[in-house]
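Chemist: Sequence:
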Amino acid sequence: MSFAFGIGIGTQNNQGEWLEVYYQQPIMTPGKDLIDVVETALDYKGGNQAIDVKAEQLTRFANALRQLGQTDQAKLAEKAAESKRPVVVTVLATDDTASSTPEVYLKLHLISHRLAKPHSVKLDGIFGLLPNLAWTNEGAVDLNELPERQLQARIEGRTLEVKSVDKFPQMTDYVVPKGVRIADTARVRLGAYVGEGTTVMHEGFINFNAGTEGTSMIEGRISAGVMIGKGSDLGGGCSTMGTLSGGGNIIISVGENCLLGANAGIGIPLGDRCTVEAGLYITSGTKVNLLDDNNEQVEVIKARDLAGKNDLLFRRNSLTGAVECKTNKSAIELNEELHANN
21 MSFAFGIGIG TQNNQGEWLE VYYQQPIMTP GKDLIDVVET ALDYKGGNQA
71 IDVKAEQLTR FANALRQLGQ TDQAKLAEKA AESKRPVVVT VLATDDTASS
121 TPEVYLKLHL ISHRLAKPHS VKLDGIFGLL PNLAWTNEGA VDLNELPERQ
171 LQARIEGRTL EVKSVDKFPQ MTDYVVPKGV RIADTARVRL GAYVGEGTTV
221 MHEGFINFNA GTEGTSMIEG RISAGVMIGK GSDLGGGCST MGTLSGGGNI
271 IISVGENCLL GANAGIGIPL GDRCTVEAGL YITSGTKVNL LDDNNEQVEV
321 IKARDLAGKN DLLFRRNSLT GAVECKTNKS AIELNEELHA NN
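Position in the sequence shown (first residue = 1) + 20 = my numbering.
Treat the hints loosely; a few may be bogus.
Unchecked claim - Here are the computed lysine to aspartate or glutamate pairs in the EDC-like style, where the Cα-Cα straight-line distance is at most 20 Å:
{"#": "1", "residue 1": "K142", "residue 2": "D115"}
{"#": "2", "residue 1": "K250", "residue 2": "D193"}
{"#": "3", "residue 1": "K52", "residue 2": "D92"}
{"#": "4", "residue 1": "K52", "residue 2": "D115"}
{"#": "5", "residue 1": "K99", "residue 2": "D72"}
{"#": "6", "residue 1": "K183", "residue 2": "E216"}
{"#": "7", "residue 1": "K65", "residue 2": "D115"}
{"#": "8", "residue 1": "K52", "residue 2": "D116"}
{"#": "9", "residue 1": "K137", "residue 2": "D115"}
{"#": "10", "residue 1": "K183", "residue 2": "D193"}
{"#": "11", "residue 1": "K142", "residue 2": "D116"}
{"#": "12", "residue 1": "K99", "residue 2": "E223"}
{"#": "13", "residue 1": "K99", "residue 2": "E76"}
{"#": "14", "residue 1": "K307", "residue 2": "D331"}
{"#": "15", "residue 1": "K329", "residue 2": "E276"}
{"#": "16", "residue 1": "K104", "residue 2": "D116"}
{"#": "17", "residue 1": "K104", "residue 2": "D53"}
{"#": "18", "residue 1": "K322", "residue 2": "D312"}
{"#": "19", "residue 1": "K104", "residue 2": "D72"}
{"#": "20", "residue 1": "K74", "residue 2": "D63"}
{"#": "21", "residue 1": "K346", "residue 2": "D331"}
{"#": "22", "residue 1": "K187", "residue 2": "E216"}
{"#": "23", "residue 1": "K104", "residue 2": "E37"}
{"#": "24", "residue 1": "K329", "residue 2": "D312"}
{"#": "25", "residue 1": "K95", "residue 2": "D53"}
{"#": "26", "residue 1": "K137", "residue 2": "E223"}
{"#": "27", "residue 1": "K322", "residue 2": "E344"}
{"#": "28", "residue 1": "K137", "residue 2": "E158"}
{"#": "29", "residue 1": "K104", "residue 2": "E158"}
{"#": "30", "residue 1": "K183", "residue 2": "E158"}
{"#": "31", "residue 1": "K104", "residue 2": "D144"}
{"#": "32", "residue 1": "K142", "residue 2": "E216"}
{"#": "33", "residue 1": "K198", "residue 2": "E158"}
{"#": "34", "residue 1": "K198", "residue 2": "E216"}
{"#": "35", "residue 1": "K104", "residue 2": "D193"}
{"#": "36", "residue 1": "K137", "residue 2": "E98"}
{"#": "37", "residue 1": "K95", "residue 2": "D116"}
{"#": "38", "residue 1": "K346", "residue 2": "E319"}
{"#": "39", "residue 1": "K346", "residue 2": "E276"}
{"#": "40", "residue 1": "K329", "residue 2": "D253"}
Worth flagging that the hints you see were computed from the coordinates, not collected in a lab.
Please put together the full structure from these sequences, using the hints given.
Modeler: Right, dumping it as structure tokens:
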């Protein structure tokens with residue numbers, strides 16, 4: 021069984037190089053019968069391949085899909101046959117490292133369509149396959165071709181608006197997941213996983229290969245690689261350290277029903293029902309005073325020793341400035357748990 025399949029409509033520059041691809045209905049783990057049709061109708065030779073297709077090929081492909089009972093994909097192929105933009109059919113036999121821009125876009129679509137979770141799709145090496153583009157009100161534009169396009173627009177009485185210059189587009193130009201609110205759509209990149217029930221406020225940000233399980237209020241930053249559990253809220257201006265922002269290979273995550281206060285930050289994974297007070301940034305090497313139920317110090321440990329533990333409250337002592345941690349169970353029990361395998 022293959023890994024993924026998609027019929028995409030995209031943009032190429034004047035040299036015929038792919039800039040971006042839109043997959044309306046990507047498929048995760050397509051059946052062998054569908055891949056057999058791709059082999060017959062589009063001369064697919066196996067492996068991971070992005071096949072440039074013409075209108076007549078798409079018409080034959082649509083007929084074959086309809087005979088197979090793949091009605092939705094057949095309709096998509098028929099519509100794509102009328103496209104004024106180039107069309108690609110991408111087949112990923114395996115989740116190997118991508119070798120083309122259409123392959124990368126298919127993988128990013130799988131995540132934003134909630135067909136794959138962050139960290140479940142191989143995304144290493146994608147930056148070299150994603151061109152830095154001008155994202156405009158008329159779509160993606162090669163930066164080398166932008167001045168001419170801007171001039172032509174002016175001559176025709178139009179203004180070509182450049183919304184951003186980046187390798188990643190905003191997710192909502194490609195996918196709008198069910199049951200979400202996003203106040204500023206430019207702050208959620210394609211490849212983000214936004215669970216149903218999530219609200220992303222104006223200052224919230226979700227990078228690619230990161231996201232929320234759902235029912236979360238996001239007013240802070242979810243960096244690449246970070247996943248937020250259900251019911252957890254990120255306060256205004258707070259930050260999660262991702263693999264692209266100093267976290268290295270450590271996968272930072274936030275469990276369920278957690279709260280990161282305004283301007284707080286974490287460089288360790290949190291378990292369930294944890295709270296980090298406003299303004300407190302915790303890295304793996306932060307020295308933490310472990311307190312018992314009477315607010316008496318039990319031990320000084322590094323924050324990494326508390327990674328993934330449930331029911332923690334992190335705060336800063338307003339008199340001494342020391343970082344402290346209290347738990348819903350006694351610190352003595354937690355201390356015994358930490359040293360159980362010593």
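Chemist: What hint numbers does the structure not satisfy?
Modeler: 2, 6, 12, 16, 17, 22, 26, 28, 31, 32, 33, 36 and 37
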